[in-house]
Amino acid sequence: MDRCPPPDGGTDEPQPRDPLTGLKTRTALRTSIESAVALSRRGQGRLGLIMLDLDRFKVINYGYSERCGDLLIRQVGELVEEVVGRRGQVGRWGGQEFMCMLPDACPETTDMTAEQIRLAIESMSVDADGYRIQTSASFGTACYPDDASSAEQLIAASGAAMYQAKNSGRNRVMHADVLHGQVFGHGRLLDAALREQRVVSAYQPIVALESGAVVAEEALARVVSPDQPPLAAGYFIEAARQLQVTYRIDRAIILQVIERCVNLLQTGSKLLHFVNISANLLRHPKVVTEILDSARSHCSACSELLGTVKPLVIEITERELLHDLDATLDMLRPFLDFGLRLALDDFGSGYSSFKYLADLPFSFVKIEGTLIQRIHEPRVRNIIQGIQKVSADLGLVTVAEFVENKEVADAVGELGIDWGQGYYYGKPEIVG
Numbered sequence: 007m008d009r010c011p012p013p014d015g016g017t018d019e020p021q022p023r024d025p026l027t028g029l030k031t032r033t034a035l036r037t038s039i040e041s042a043v044a045l046s047r048r049g050q051g052r053l054g055l056i057m058l059d060l061d062r063f064k065v066i067n068y069g070y071s072e073r074c075g076d077l078l079i080r081q082v083g084e085l086v087e088e089v090v091g092r093r094g095q096v097g098r099w100g101g102q103e104f105m106c107m108l109p110d111a112c113p114e115t116t117d118m119t120a121e122q123i124r125l126a127i128e129s130m131s132v133d134a135d136g137y138r139i140q141t142s143a144s145f146g147t148a149c150y151p152d153d154a155s156s157a158e159q160l161i162a163a164s165g166a167a168m169y170q171a172k173n174s175g176r177n178r179v180m181h182a183d184v185l186h187g188q189v190f191g192h193g194r195l196l197d198a199a200l201r202e203q204r205v206v207s208a209y210q211p212i213v214a215l216e217s218g219a220v221v222a223e224e225a226l227a228r229v230v231s232p233d234q235p236p237l238a239a240g241y242f243i244e245a246a247r248q249l250q251v252t253y254r255i256d257r258a259i260i261l262q263v264i265e266r267c268v269n270l271l272q273t274g275s276k277l278l279h280f281v282n283i284s285a286n287l288l289r290h291p292k293v294v295t296e297i298l299d300s301a302r303s304h305c306s307a308c309s310e311l312l313g314t315v316k317p318l319v320i321e322i323t324e325r326e327l328l329h330d331l332d333a334t335l336d337m338l339r340p341f342l343d344f345g346l347r348l349a350l351d352d353f354g355s356g357y358s359s360f361k362y363l364a365d366l367p368f369s370f371v372k373i374e375g376t377l378i379q380r381i382h383e384p385r386v387r388n389i390i391q392g393i394q395k396v397s398a399d400l401g402l403v404t405v406a407e408f409v410e411n412k413e414v415a416d417a418v419g420e421l422g423i424d425w426g427q428g429y430y431y432g433k434p435e436i437v438g
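Quick note on this note's numbering: the sequence shown kicks off at 7 and runs consecutively.
One or more hints might be untrue.
Unchecked claim - List time: in silico PhoX-like cross-link candidates among lysine-lysine, alpha-carbon distance up to 20 Å:
id: 1; residue 1: K316; residue 2: K276
id: 2; residue 1: K361; residue 2: K395
id: 3; residue 1: K361; residue 2: K64
Worth flagging that the hints you see were computed from the coordinates, not collected in a lab.
All of these numbers come straight from a predicted model, not from anything done at the bench.
Kindly produce the complete structure, drawing on both the sequences and the hints.
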C-alpha cells in the first residue's frame, strides 16, 4: 500500500455538543462528514472514518451502575479526543459509540489511528464508586473514495466493519474492505428492493388465549422478487443493521401498515397492528415526521372510528433501546403523543428488561420465543410465570412468541398469559 501523509486538523467553528462528553453530536459530525465528502469529490483530499463501540458495555452499565457507565463514556471520549488531537474530529455517535473523522487520511493512516485508540482504551482504567473498571472497544474503519461513493455509504461501511469486529471476537480493528462479500451483497439486494418497492409486509396473527379470537397481527418485513420465494427478514436484517439502513425498512413497512390499518378500520375491524421499529429509525427525525404525517393524513379518513389511542403498536427490542433512557423516551415521544402504544419485544433476552418496564411507558410485553419454547422446563416455567405476574401487576398485556404447537399453547394459557403468536395460530402471509 502506498504511504500517505498524516491527516490534517478539522475546523474550530462552534458546533453542537453532547451534554455528557462535550464532544460533537451525531448530527453535527454527520454534517461535517457530508461537507468533507463534498470537498473530496472536488479533488480536495480523502476522508477516513473510525467508528468504535465499547465492548460489553451493558455488563458495566447495569452490573455496576449507570453512574459508572456515564463516567466510563466520558473518560473514553476524552481519551479518544486526546489520541486524535488536531488530526481530525471526534463525536459521540450514540450510546457507547464514537465516531472519528480524519480529513486527508488514507486507509493505512485511518487503521493506524484506530489501532492507537484501541490500545489506549485497552490500557485505561476508570475508578468509580470503589470499582476499578477496565474495558475494550471494537473498531470499524472506512475511507472515501476507497470504500464508498457517498457520505451515507461511508458511514454505513464503517459501522458494518465495526459490527464485524464485534462478531469476530471484539477488541480489534477491521477495515470495510473485509465486507465486500456477503454484507455488501445483501446490502445491494436490499437497496434495489427498497428502490423498487419490493420490501413488503407479511402479517402474522396474534390470538387471545382465553377466547381463541384473533385480536392483532404483526407486520414482518419480506423482500419479494418475480423469480424466487419471498425472503424473510432473517436473510437481510443483519446486513441492514451493519449498514445502518434499518430505518429504510422500518419506513417502508410502517407506511404499508398505516394504509392497511385504515382500510381494515373502514370494514369494522378492531384488530391491533404491531410493527417493529429500530433505534436507527429514531435517529432519523425527518423520517419519523414523514411517517406521522402519513398517519395523520390516513387517520383523517376514518376519524370517527378512532379515539385518542390508535390501533397501531410499535415494538422495540431491548437491544435497540439506547443507553440514555431519557433520550429514548424523547425520541419515542412523537409516536406516543400521536396515540400509539409501545410493546417491549423479546422480553427476557437481555440484562435489563425489568428496568425498561419501570422507566418506559410500555403497554405490551412480548415474551422471548426461546423461553416460550422451553416452557416445559420447571425453571423456565417459573421465570415465565414471574414475568406474567409482574406484567399483570403493572397492567400490561403479555404476548407469548413462538407458540408452535398445542402443548405450548396450553402451557402458556395455564400461566395466564394473555395472547399468543406463532405458527400454531398462523404463518406470516403477504396480503395483496
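Status of the hints after comparison with the structure:
1. K316 with K276: 11 Å, holds
2. K361 with K395: Holds. K361 to K395 sits at ~16 Å (cutoff 20 Å).
3. K361 with K64: 12 Å, holds
The structure shown violates none of the earlier numbered hints.
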